[in-house]
Amino acid sequence: MKKRSRRIFMGLFEREEDVIGATRAARERGWRIVDVYAPYPVHGLPEAAGFARSWVPWACLALGLTGAALITWFQFWASAVTWPINVAGKPWNSLPAFIPVTFEVGVLSAGLGTTAVFLLAFGLLPGKTAVTPHPRVTDDRFALLIEEPDATFSAAAAAELCARFNAVETEEFES
Amino acid sequence: MVDRPTEELRPPWILGRKGLGDVTRDICDVFEREPTALWWAAFTVSSSMLLAGTLAVCYEIATGIGTWGLNKTVGWAFDITNFVFWIGIGHAGTLISAILFLFRQRWRTSVNRAAEAMTLFAVMCAGLFPLIHMGRPWLFYWIVPYPNTRGSLWVNFRSPLLWDFFAISTYFLISLTFWYVGLVPDLATARDRASGFKRKVFGFFSLGWNGSTRTWVHYESLYTLLAALATPLVLSVHTIVSFDFATALVPGWHTTIFPPYFVCGAVFSGFAMVLTLMLIARKVVHLEDYFTHRHVGAMCKIVIVTGSCVGLAYLTEFFTAAYSDNPYEQFVFLNRAMGPYAWAYWTMITCNVISPQLFWFKRVRENLVLVFLISLVINVGMWFERFVIIVSSLHRDFLPSSWVMYYPSSIEIVTLIGSFGLFFTAFLIFCRFLPMIAMAEVKGVVSEGRRHSQARPAAAPAEDLDLDVAEARA
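Top to bottom, those sequences are chains A and B.
The first sequence begins at 1 in the working numbering and counts up one residue at a time.
The second sequence begins at 1001 in the working numbering and counts up one residue at a time.
Treat the hints as calculated values from the structure; they're not laboratory data.
One thing to keep in mind: the hints can contain errors.
Claimed, not checked - Residues on chain A that point at chain B, a partial pick, calculated with CB under 7 Å:
(1) Pro39
(2) Phe51
(3) Trp73
(4) Pro91
(5) Asn93
(6) Ser94
(7) Val101
The structure presented is a predicted model; accordingly, all values stated were derived computationally and were not measured.
Cβ coordinates follow ideal geometry from the N, Cα and C atoms, glycine included.
Kindly produce the complete structure, drawing on both the sequences and the hints.
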């Protein structure tokens, strides 16, 4: 899927408090925040940028419960239905004895499944080429990317806003 | 300027007034430069130990379990001791990475990566022992419930040994996932600094990570979930290991205190091992600013707590035996403290109950040489704990005619040495090629304990911003 090219304004910052402030100020002006790149998860930044809360916990719950339910059924089927074996006279369906394996498999499917869902949903795949707005965003710089929707957007105003928050560099590019 | 004295009162976890770039440079430098002579020396020693262990295991597999000192009374001894010992070592890694994360203990950021790696290598060492104890390790996959040509004959889901298989494989896979997920942003940092072949390798494993906040939001959620899953998991693993013993009707094993007792002991021994490793590593690779006296102090305090819990468990076992009015139970405990293995029992008490009490003194916690020595003593003590539980309970059973002594054979001792070789070789390779401190996490705490007005030049919006950040942090 080829996206329509758009003009992006980028401000580069050195400190988390600057990028949080600039992001919040840009959002208050009604500018669309494409993304904010940071070398570590900055607390308060997703809220400042207005990004939604994560849906990942729901995937985790669903996968964990599915895994636990399937293994419970499987243990019952293997121990009591397909080939019941008398182990020290214990009942065929020894549900309490199935709890440890149910728990372990529930955790396993929740953990591995959620990680797989996360990686696939964000296209984080082995060998994928990283697209970074600036080579130092994985090191010590924060990049705020604002979309320039039309001619009413003033790059000068954006540059002025970034400068107010100690931006070290500003740039415009097509994406 | 709004004055916030609390920030000044709390000393920083990372010393040397590091900036974000300094963190990247200091930590990447460890694996970007050529290995030192010290590293090569350590690698030579540990890989030789690994080689010796491999030969011992090959000889054992080719000849049979008869190469060990086991007999018909003592069917579990050295091998299972090593298994429980290594599994326990692994638990501290998960405690640091998951439980301390959920409790927002930010000092963990300096140690969690290395501790998680330690967990993985310890679980590998642990898994090796039941595998070779099977006698026919090439048929190990029979424990997996898969459709087979024998019926299908399914595994026995009522058996603690099967629970153990599920617990340990889940533990390994979840620990590996947790470690790798934490590693991805740091691999991206390493990728963006490297060139040529190294850049390709880091690029392949960093999965195209670019530090986008849209991804960070979900990444943090995933990381918290993995921590929340790993927390009950780590408690379940040693609980299930203890079931291997507790569900047997052997006096000395058949007791309900085993799960909490084993979990405490595991965390206790694991922290001792993290201290041992990190105290060496901080000197060898010069990361003293990141792993400071405060980190050591915090870990020593956890050692006091878990060590005291273990001591309480030893007392409880004796009380339960005395109060049970069961002569077999009482005999086992008297035999432990005063029988032929009394030397092992009192080694255990000295190392595990008495030595960690020295950590109550600040002077001891500040003296890193002493902390290092005590951590070694605890490692020895915890190995003996498992030996005492297993061998002293088995060697004098209900029939005095079958009472025997157990002594390890040379093959068993070399196998134990080999497992240490595997552990240290893997750890050295990890230190050599991967960031051993979680950069993306340390960067989040470098500015702690530093007033923002000091941390940057005076700028027009400084006051509003400080308030914003304070709100965001709150």
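> Looking back at the hints listed earlier, which ones does the structure fail to meet?
Replying inline: 3, 4 and 5
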